[in-house]
Structure formats: structure tokens, C-alpha cells
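Next come the chains, spelled out residue by residue.
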Amino acid sequence: QQQVKQSPQSLIVQKGGISIINCAYENTAFDYFPWYQQFPGKGPALLIAIRPDVSEKKEGRFTISFNKSAKQFSLHIMDSQPGDSATYFCAASKGSGSRLTFGEGTQLTVNP
Amino acid sequence: KAGVTQTPRYLIKTRGQQVTLSCSPISGHRSVSWYQQTPGQGLQFLFEYFSETQRNKGNFPGRFSGRQFSNSRSEMNVSTLELGDSALYLCASSADGMNTEAFFGQGTRLTVV
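So the protein lines, in turn, are chains A and B. Mapping of the first sequence onto my numbering: position 68 corresponds to residue 87, and the numbering continues sequentially without gaps. Mapping of the second sequence onto my numbering: position 75 corresponds to residue 79, and the numbering continues sequentially without gaps.
It is worth saying that the hints were derived from the structure and are not from the lab. Remember, predicted model here, so these are calculated numbers, not experimental data. Be aware that a few hints might be false.
[Stated by the list, open to error] Only pairs whose alpha carbons sit at most 20 Å apart, straight line, appear in this in silico EDC-like list of lysine to aspartate or glutamate: (1) A:K77 to A:D103; (2) A:K76 to B:E105; (3) A:K77 to B:E105; (4) A:K113 to B:D100; (5) A:K61 to B:E105; (6) A:K113 to B:E105.
Put together the whole structure using the sequences plus the hints.
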């Protein structure tokens with residue numbers, strides 16, 4: 020079964036703090052690991068993605084850390100802002116655009 | 005550049021009816037994937053079309069079907085609707101579905117009563 024496990028289910032962080040969301044996958048054939056952000060009433064929006072040939076990728080306040088041997092990857096949001104309050108999904112696929120397997124989602128709340 | 009457009013945004017149907025949802029991908033994108041999002045099951049892959057051919061299929065019953073036209077627009081159809089089909093149906097487009105990112109539309113909220 021191709022699964023992606025995501026934790027925590029919900030997360031509350033103070034403004035300016037660091038938000039950390041973790042994911043673990045089973046299928047070693049996965050070679051593309053994106054993170055999506057979803058606001059209520061909207062579709063998921065691609066935040067940042069990584070491939071297994073690098074261990075870390077940073078874009079602005081968002082960083083993905085990737086541990087191939089442990090089959091885990093995580094999203095770090097630095098200097099979290101109230102506008103970051105949303106549901107975050109990790110995903111994995113073989114090939115970047117096709118058949119994404121999603122984690123369960125993390126509802127992030129950033130308190131002002 | 006226009007994003008992924010899904011129509012209609014909201015639908016209410018009666019159990020047993022059928023429904024057709026539409027997706028217009030980003031211009032130039034040839035891959036369209038469909039996903040079902042529910043609170044209980046999360047985001048689940050339905051199927052992917054590329055150049056008018058179904059290239060990938062998820063674990064959904066045959067009541068769920070789709071097609072893609074020569075202009076890459078795609079439709080999905082659900083026949084004999086069940087209450088459990090109530091969900092947000094999302095379409096994602098990708099340039100080639102293999103080496104380029106997928107971008108989602110806002111979805112169609114289907115309610116079956």
C-alpha cells in the first residue's frame with residue numbers, strides 16, 4: 020500500500036515561532052515530494068517541493084528537510100505569521116505531476 | 005496566465021442521479037488529474053488523463069469515469085450518485101504529468117442528498 024503518514028494532525032504556534040510538520044512514506048519508488056497549502060474554500064496550492072537527490076531546500080520562510088534513509092521529510096515554516104494559518108498537505112509521487120499520494124493534512128493555526 | 009478552471013463551483017444532486025464536472029487546465033498543459041477530497045478520507049487520486057488517454061487510475065468504482073478532449077479540457081462523470089460521493093472534487097493540471105509540477109483548481113463542491 021502506497022501511504023504517506025503526516026503528523027501532527029493540528030498545530031498551534033505563536034506568531035514568529037517555527038512550525039514543523041513531518042511526513043513519512045513507504046514506497047521507495049517515490050521521487051518527488053511536494054508540500055501544498057490549502058485555505059478554506061480553495062484548492063491546494065503548491066508551496067515547495069524536493070527530490071531525493073538533495074537533503075534540504077529552502078524558499079523564503081519555507082524549508083523542506085529530506086531524510087532518504089529514514090524515508091521521512093518535513094516542512095519548517097520560520098517566523099510563522101497569522102496568514103500562514105491553513106491546512107498543509109505533504110505528498111509523494113513517482114514523477115512530479117502524476118498520481119500524488121497525500122498525507123492526512125495538518126491544520127496550522129498561528130496566533131497573533 | 006490563467007489558472008486551472010473548474011465548473012461548476014457548487015452542485016447539489018439527488019441520490020441515484022449522475023453528474024458531470026468540467027476542468028480547463030492551464031494553457032499548454034496536457035496532463036489533467038482528478039482528486040476527491042473528503043474529511044474522512046482526505047485527498048484521493050481518481051485518475052489522470054494525458055493527450056486524451058487515461059494514463060493512471062485510482063481505486064474508485066466504475067461509477068467514476070472521465071475523459072479528455074483534444075484541447076486538454078477534461079470532464080469527470082459520476083453515475084448513480086451515492087450519499088458518500090459528497091465531496092470536493094479537485095482537478096490538477098501539469099505540463100506533462102511526469103516532470104513538471106501539478107497545479108490545482110478551486111474544486112467543485114458536490115453535495116448528494
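Just to be careful, I want the Cα atoms of K77 of chain A and D103 of chain A compared with a cutoff of 20 Å; is the pair within it? The given pair, whose Cα atoms are some 16 Å apart, holds under the 20 Å limit.
Do the alpha carbons of K77 of chain A and E105 of chain B lie within 20 Å of each other, as the hint requires? The given pair, whose Cα atoms are some 17 Å apart, holds under the 20 Å limit.
Taking 20 Å as the top limit, are the C-alpha atoms of K113 of chain A and E105 of chain B close enough? 12 Å, holds
K76 of chain A paired with E105 of chain B [C-alpha distance capped at 20 Å]: 16 Å, holds
Given the hinted pair K61 of chain A and E105 of chain B, is their Cα-Cα distance within 20 Å? Given that 20 Å is the threshold and the Cα spacing comes to 18 Å, the pair holds.
Just to be careful, I want the Cα atoms of K113 of chain A and D100 of chain B compared with a cutoff of 20 Å; is the pair within it? Distance ~13 Å between K113 of chain A and D100 of chain B Cα, so the pair holds.
Violated hints are absent here; each numbered hint is respected by the structure.
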